[in-house]
Structures are given as structure tokens and as C-alpha cells.
Amino acid sequence: MTSADSAMVRCAQVARTFGDGAAAVVAVHEVSCEVPPGARIALTGPSGSGKSTLLHLIGGLETLTGGTITWPGLGGPPHGRAGVIGMIFQGPSLLPTLNVIENVALPLRFDGVPSATADDRAARTLDRLGIAELASRLPEELSGGQSQRVAVARAVASRPKLILADEPTGRLDHRAAGHVISVLLEAADELDAALIVSTHDAEIAARLPQRWTMSDGALSSREVHSR
Amino acid sequence: MTLTWLRGLLRKRASRLSIVAAGIAVAVALLGSLGTFLAASKATMTKRAAAEVAVDWQVQESGDADPNAVLAAVRSAPGVRTAVPVYYGRTSGFSTTGATTQTTGPGVVLGIPDSYARTFPAELRPLAGSATGVLIVQQTAANLHALPGDTVSIGRAGLSPARVRAGGVVDLPQADSLFQKVGAPVGSQPSAPPDNVLLLPEATWHQVFDPLAKSRPDLVSTQLHVARSHALPPDPAAAYNAITAAAHNLEARTSGQAVVGDNLGAALGAAREDAAYAQVLFLFLGLPGAVLAVLLTAAVTGAGATRRRREQALLRTRGASYRQLMWLATVEAALVGVAGCLAGLAGAALVGTLAFGSARFGGTTATAVGWTTVAAAAGLAIAALTVIVPARRDARTATVAAGRLTVGRVRAPWWLRYGLDLVLLAAAGVIVVMTGNNGYQLVLAPEGVPTISVSYWAFAGPALLWVGAGLLTWRFCDLLLGRGRRVVGAVLRPLARGLSGTVASGMSRQRRALGRSIVLVALAVSFAASTAVFNASYRQQAEADALLTNGADVTVTESPGALTGPGAAGTLAAIPGVNGVEPLQHRFAYVGSDLQDLYGVRPGTITKATALQDAYFTGGTARQLMHTLATEPDSILVSAETVKDFQLSPGDLLNLRLQDGRTKRFTTVPFHYAGVVKEFPTAPKDSFFVANASYVAGRTGGDAVGAFLVDTGGRHIATVADRVRARLGPAATVTDLATTRKAVGSSLTSVDLAGLTRVELAFALLLAATAGGLVLALGLAERRRTFAIATALGGTGRQLRAFVFGEAVVLTVGGLIAGAAIGALLSRMLVTVLTGVFDPPPSALAVPWSYLIVVGAITVGALALVSAIAVRMARRPAISVLREL
Ligand SMILES: Nc1ncnc2c1ncn2[C@@H]1O[C@H](COP(=O)(O)OP(=O)(O)O)[C@@H](O)[C@H]1O
Ligand SMILES: [Mg+2]
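If you're matching them up, the sequences are chains W and H in order. Okay, so the first sequence: first residue is 1 according to this note's numbering, each after it adds one. Okay, so the second sequence: first residue is 228 according to this note's numbering, each after it adds one.
Careful, some of the hints might be misleading.
Said to hold, decoys possible - Part of the chain H face toward chain W, derived, beta carbon under 8 Å:
(1) Gln551
(2) Gly725
(3) Gln737
(4) Ile1106
Source of the hints: derived by calculation from the structure; they are not laboratory data. In this text, a Cβ means the ideal position worked out from N, Cα and C, and glycines have one as well.
Model the full structure from these sequences, guided by the hints.
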């Protein structure tokens, strides 16, 4: 069912270099790849290999220094279209002055959804992820696992067709990490969305059927393993 | 480790450190420049007070003293430059025989050495004829119709009159002290100097009075007039103590044969009172500025708290001990402290040069060094307070969890729960009422007592009001941003549109930080506003004082006894530069046995040439009372004392006895009491009357005018005065406002305060603008991460601006409104509590709108600039921002 034209994202010779001259760092080097609809991809590689940068490029958050990216399955570039891609950032990313439901509703509000509707959808998302009781808490009142689940909720509340999760389990203990991955997979299934999860943890990577491996900015291998 | 740490500090936190240093610099510069200025103006007060005294000491010899011994003792006393004998003889009266014979009542004849005018130049002012020889004092010359060259007879009790030839006419500007009763307390001094005075050369005086001295020794006496060295301690209080001690010392050494009339001491005594007021002003107006600078600095270090805690935790994990952490904090404090002090002192020097043309503010090097030291010490203390103290607290107590709790559901601060703000405001009210019961007497300088007491207590009133109102503002912000967040959201709707609710709830969660920022802005704005209003009111009253003293831009005072009618106004009005001329009658009226000045005005036009403030009257506004004088011509305004003495109530009949122009006899004129007058242009400080000029003229058969008030529209006053002088010749005295302005009042005059004003207003402006810009910048810097995440989540530029500008708008509007309100209250209280420095007390505050508008505009501008920069910075690729933080 993967057809070239319905790919969510297509990267051709994509490159990103930081700085210039002697201090230049090639974070992503001539990566060509395609994310089909419904994909479940684990993006692995050692720290510093360019995983985050690649996800940011795919998410349209980082400028290219080479190559091209297109988003045929999303109806064009995601710039200025809040909620088209669900993004979960490496590190804490909830707005500290907004409570959980306001955080989850924020991309919807950015997208122009009226506040009542946005709140309603955010509440339903929280409910679906089983964290409805956190709705009025502030980020500083959440544990690490709870924060990541809220971040997942915020990423999926806008019903995106592509979910990018950058080391969503990086700071979590084993149990919490497993739980967050389950939540992500369930949400992706429910939305029928493509999902890319970056991780340097082999066990986490094993929960997804596809694995892309990066080293030194290049996509060194792409494999599909049966579950 | 220290060096590595320092290098890292300088590299990574250079901007924050320099802001802290700048805050310290502002406090140091403010303290340094105000302190040096204070010391310098005190020195000026001493110099001026000394320069205004014509004869420093008048030493009275007791009857049985050995004149030569006393003279030798005085001349050898330390600090005495010259001492000359001056002889006082009482005459039964003077007379001249020209076409008609003119005689006067009793008077005084002074015998002075030839060198007198050179040694004591301020005592004699030559008006006409020769400046040496026999000199007639102006009023006596007028009474006798005598001119230089005329012969004057001096009546001598029991002897035949002596005849002398007048050489010139002089004025005695300091007649009061010249004819004082040396050694007598203030209360038993003569109420006025003698009306008739003649000055004779020493030898002539002896010829005239030596025979009298034999028969009537009680009618002659000798004084030694002393010129002292004016090398005095710069502080008026110290100078006063030095001079009075010297006077007592002289009296002791002559074992009571000489009594010192200490004119210099009296002048310094007045100056030390003014100096104490200057000090109070320094406290009232200068300290809040320094406090603000400290608060701003603390806000900067406070905003870096999260980062500091993180750093400390990191150092701890690498094995740093508590002591090492404290050592690093001390190094940091020393770094910013020294940098701030150096910058502040350079700033103070710059301010001094700009405002006074000298880095020493016209003070001595010693005072400059002294204040530099004080300011620098304060700067280091501030550094310690704002850097070491928080670091210490964090190192002691902070856990990572506590460090995280920066927003949200923190409990209201304890002072808010206990209503400290309301307590402070109530206390401020109580203190003001208490100082009010005391007549707002802030400075008590009893004559002859070396210590001067300043009621610093009164300072607590405005200080508590300032702090209390600041905290109350915080309470309001807390309430508005908490419970009232829907209101805030609604207000922000035009700006934030769909996001207004989100923006408002975000702000409500950080209302503590935002409230603190609003309070800082409000305190800074109110400081600027109240300082400006106070200074403007002070200037307004100094100007009113000059106008009260001189009467108008230019005032023509007729010689006593001249019979110039109001028609002469036409002559004056024709002089180029004259806008209008207003005749002002001046008579003397007996009420009972009391002789008072009476001023006859044209009530409809008087304000064309002079200003009447409502505060000059009670029982009606200036306009109402002038209207009463016009519509009921026999009404009269009297002093409060007269009302009390005669138990008057409005409408009561008051019979005065006035001299009739035709018969020169006193006749009774009926008036009706219409109101109380406390001050009036050209009128003396004690009791006087104000009545309708045409009624007085009609009842006394004479329209003689005492003075003409000349309005020049405030332009070319000195030039117009010269023209008037040239036109009128010596027949009348012409005084102008420009000269009076310099001379009136205490040494705490506009000249002194002008410098203080300039310095303070500049600092206040700086503080208001910095407060606004800085707290917003700090707040936004703390939330750079938030803005980056919002951008990464797809927020557009406009949506981001909603967050930034929403906060800026709340800060600006809240800060300015609260600042204006506190400023208005504080100005009122300052002017009330500091009534003592105002002469006359103001009826209305002067509001310097242009300065206030500039303060508002610059504060808004600083906030707008910071917001614009923040928005621009948030446009940087969000992901790189997130990586850096
Ligand atoms: N904004 C940036 N500026 C400079 N270097 C960067 C930036 N972002 C990433 N890099 C560098 O690019 C490389 C890849 O980083 P990243 O994509 O974060 O790797 P990963 O997510 O796999 O750990 C690293 O060497 C990193 O230092
Ligand atoms: Mg990464």
C-alpha cells in the first residue's frame, strides 16, 4: 500500500551543517529517505549522530543546508500550520505557566480552534491517554513519566498524520519508558498516523517494526524486523 | 578553581553581571552626587551667611570698663581681623532751617572712624552726595527735607544744639542689627531701629557728644565693631558652634567687661537650620532613589536565581564545599561591587560636571573624598546584599525541588496574608497626623543651643506610605491577575485575540513575578513623579516668595512722606517694556494702640501686576475676597492675630485711625471685617490690613500711593527696572524681581535646590525607564524557553507577540497607573510634611506635566523597545534557542 505519491515526507540528499569554516559540524549528511503513511520507525544511533536534527528537519523546524524535503502526504510544508505534525521534543517542553489542559490545547489554539472546542478536544485526548486527572495540574507538579505523557497528548490532540518523538523516554525509568511507548503506539494506531521515535535504547527500538540507524549524520541502515 | 570560575563567569554571564554592576553604579552615583552636593551646598550656606553679615560682632563695653583694655582683648582674640570703636549718642531730635523749619523726634547719632565704610562695606549704602563726612540716613533726610550741603542741628539734652553740615545721604541696610541691644535676649530687642539717624566722623562726634557725656553719661555708649576672618568650618552647624564658642571665650577673657552681639553667629544659626532642612530633603528625596537602585539590582540577581541554583548543584556534585561556594559568591560580589563602584563614581563625577561644572559639585576636595568613600562603601554593601546573601540562602536550603517551584500555586506571601500593606499605610497616616500636631516642625534649632534636632521621625510617614502603597499595589495585582484574570483576558483581547485567555492564565500563574515587576515600576514612577512635583512646588513657592517680597516684576516705592497720586502710573506705563502699572497705597493705621501697615488696593486690577495665591487668605479665595473689597468698599482684610485680639467675626465693624491727607491729623475710618490675610505683596511678615484704595482715599482726603507695581510680563526685568530708575531719579526706590529672587529667603533658595533638582530628576527618569525595561527584559529572558517552545509548536509571529506584548501591556499600564496614584499621594504627603521648607506654604501643588509626560513616555518607550527586541529574538530558529537553554 506504500505508494511514492502518498509518502508523508520525502527527503532527498538532505543535509544540515552547523557553523562554518573549521568549526563546522555536519549534523546530517546527504540523507535520502521516505516516510510512508502508517510507518512505525525507530530512529537509533549514538548520541550526537544527528537524530534530533533529522527529526527537526522532517518537522520543518530546522533550515536545510542541502537537498530537499517535501511533505506530499501532509498537503505541503508544515510551516505555520500548527498541529499538522505532532512533535515531542527531547527534554522538557511543557510551558511552565500553563496547566496540563492548556498545554495540550495550545497547538489547537495556535491553529485557530475556538477555545471551547480546543479545551474539549484536549480533555478528550487526556481521557483517552488515561491522564484526565492531571488536567488542572501545572507542569512542575508532574513526574517525568506524566510530563512525557502530557507531551504525547499535546502532540496527538490535533490529530496529526505524522508524529515525531525525539527520545521521549530519555529521562524515564524502565517502566515509565515502556508505558510512554505504548501510549505513543496506541495513539498512532488510533489516528492512523505515521510515527518516528528516536532513541538510543535498543529495547525501546525493538518495540517498533522498523529501525533506521544513524551514525555521523548519515542514515547508515534501514531494516524492518518482524515483531 | 577561583580563576577558572571567574573566567567562566565573565564569559557566560557577562551581560547579567554588568546589569548588576550597573544597578550598583546607579546607587553609588546617586549617593555620591547627592552627598557631595549636600556637603557643597552646606559650605555655600556657611559662606553666604557669613558674607551677608555687615558687622560680624558688635562688642558692647560695660559702663565701668577700661576701653583700651577691652579693645586690646578684642583685637588679640583669635580670628579677629579688625576691631574699631563706634560711638552711639542719643539726640533729642534733629532740625533744619530752610524755607521752613523741619524737626524730628529723638534719634541716634553714630560716630564712626573714617575707615568704617571700607571695613564694613555692607553696613552703609551711599545714596547721594559724598560717602564720607556727615551722613544723613535716608528716612531722616526725607523727614528733614535735607539735601547734601544743608546744615542740620543736633539736639542735646540740657545743652544747646550742635550744628553740622550734611555731606551725603546713605541707607543702612542692616539697621536692625546695628541698633540692637547687645546682650539682650531676642524678645527684649527694640521692635524697630530708630527713625532718625545721623552718622558723624569720629572726631566730630566727640566734639558734639563729649560735653553731653559729662552731664548725661547714660545717653552715650561705645561699641567695638569687629570684622572676623571668614575661614569657617564648611558645615553651618560647626561654624555656628565655632563662632559662638569664640564669642563666649572673649566674654570670659574680659571677665564680663565686654558683651558680644554675635551677628555672625545669628546668621550661621539660621544657616544651620537651613542646612538641617537641606539634609532632610536629601533624605526624603535621595534615599528612595538609592533604595530603588538596590531593589532593581536585587531583581536582577533574583531573576538569575534558577540558574545560580543549577550552578551550585553542579559545583556541589563536583565536590565543592559550602565554604568554597561562599568564597565564589564573595569573589563574584567583589567583582560586581568594584566594577559598579568605579562606574558609579565616574557617573557621579560626570553628573557633577554636567550639573555644576565641577566633579566636586563646588564642594571641597575633603567633602568629595568623604562622600566618595561613603558611596563606595554603600556600593560594596549592596553587592554583598544582592549577591552573597541569596547565594548563601540557596547553598544552605535549596534543594532542586524547591528551586523548581517558581510559578503557580505558591501561597500568598506572609505580609499579604497578614495585611502588612494596610498596617504600613495606617502607620504612615498616624505618623503624618502626629507630625501635623507638632506643626510639621522638622527642624528645631533653639538659639544658643549647640545641638540642632531634626525630627527624622517625620521621614517615616512618606517612607511607610511608599512601601505600603507598593505592597498594596502587589495585592491589587495579585487579585487582578488571580481572581480577575477574565478581566485581564478581556482587556487583552484586542491584542491577543483568540489567545487572550491563554495569555491571561499564563500571567496569572506568574503573578508573583509580574506583581513584583509592576511594583518596581510603580515605585520608580512614583519616585520620579513625587520628586518632580515637590521640586516644582518648591520652585513655585520660592518664586511666590520673591514676588511677595518685591510685589511685582518691578516695584517703585515712593519715599516716605511723598504725596504721589495714582495718576503717576501713566508716566510709568509709557516706559518701554512695561505691560501694566498698579498703584498700591501704603498707610499706617492705628487699631486701638497698635500701629499697623495698611495697603489700599484696586481690587479689580491688582492681579494684573502681581499674583495672589489662595493660601495668602482665609475666609475665601483670593478672587472672592478681592470681589468683596470691590463690591463692599468699606470691607477690610486683617491678620489672624488682629481677629483674635479683637474677637472679630465677619461683618464686624472695625474702626481704624488713619492720617488725614489735608490736616495730617489722625481721623477715625470705619471698616467691616471681611476676611483674614496672611501674606500680601510687599507687606511685612507680621500684622497688616488690606482695604479698598479708593475708599481709603475718600475717607482720608488723600490719594497718595506708597508703591507702584510694574508688570513687565516677566521679560527684561532688569532692563525695565533700569529705565524706570533713570526716569524717576532718586525720588523713589526701584527694586526688581530678578535681584530680589537672589536675595530673598534663606540660603535654602532656588540656587541651591536647582542643582539637587537637576540631579534628582535625571536619576528619577533613569530609574523609571530602567525599572520598566529591566524587569520586563528579565521576565522575558526567563521565558525565552517558553517562547521557543511556542514557536516550535507552530505559534506564528503574531501569536508570539500576544504573549510578549500582553505582559508588557500589563506591566506598563499597571506600573504607570499605580505609579501615578502613589506619586500623587506621596507628593501631597511630602509637601505637607515638609511644609517647613516652603515659604509661603503652597495652596496648590505645581505639577510639572512636561517632565511627567517625558517620564511616562520614556518608560513606555523602554518597555516597547524591550518587547520588540524580545519578539525579534524569539524569531530566531526556535530549535537552536531550545538547545542553548
Ligand atoms: N544548533 C546547533 N548548533 C551547533 N551544533 C549543533 C546544533 N544542533 C546540533 N548540533 C550538532 O550536530 C550534531 C548532531 O546533533 P543532534 O542532532 O542533536 O544528535 P542526536 O540527537 O543524535 O544526539 C552534534 O554534534 C551536535 O553538537
Ligand atoms: Mg538528540
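Right, here's what the structure says about each hint:
no.	hint	verdict
1	Gln551	violated, 29 Å
2	Gly725	holds, 6 Å
3	Gln737	holds, 5 Å
4	Ile1106	holds, 5 Å
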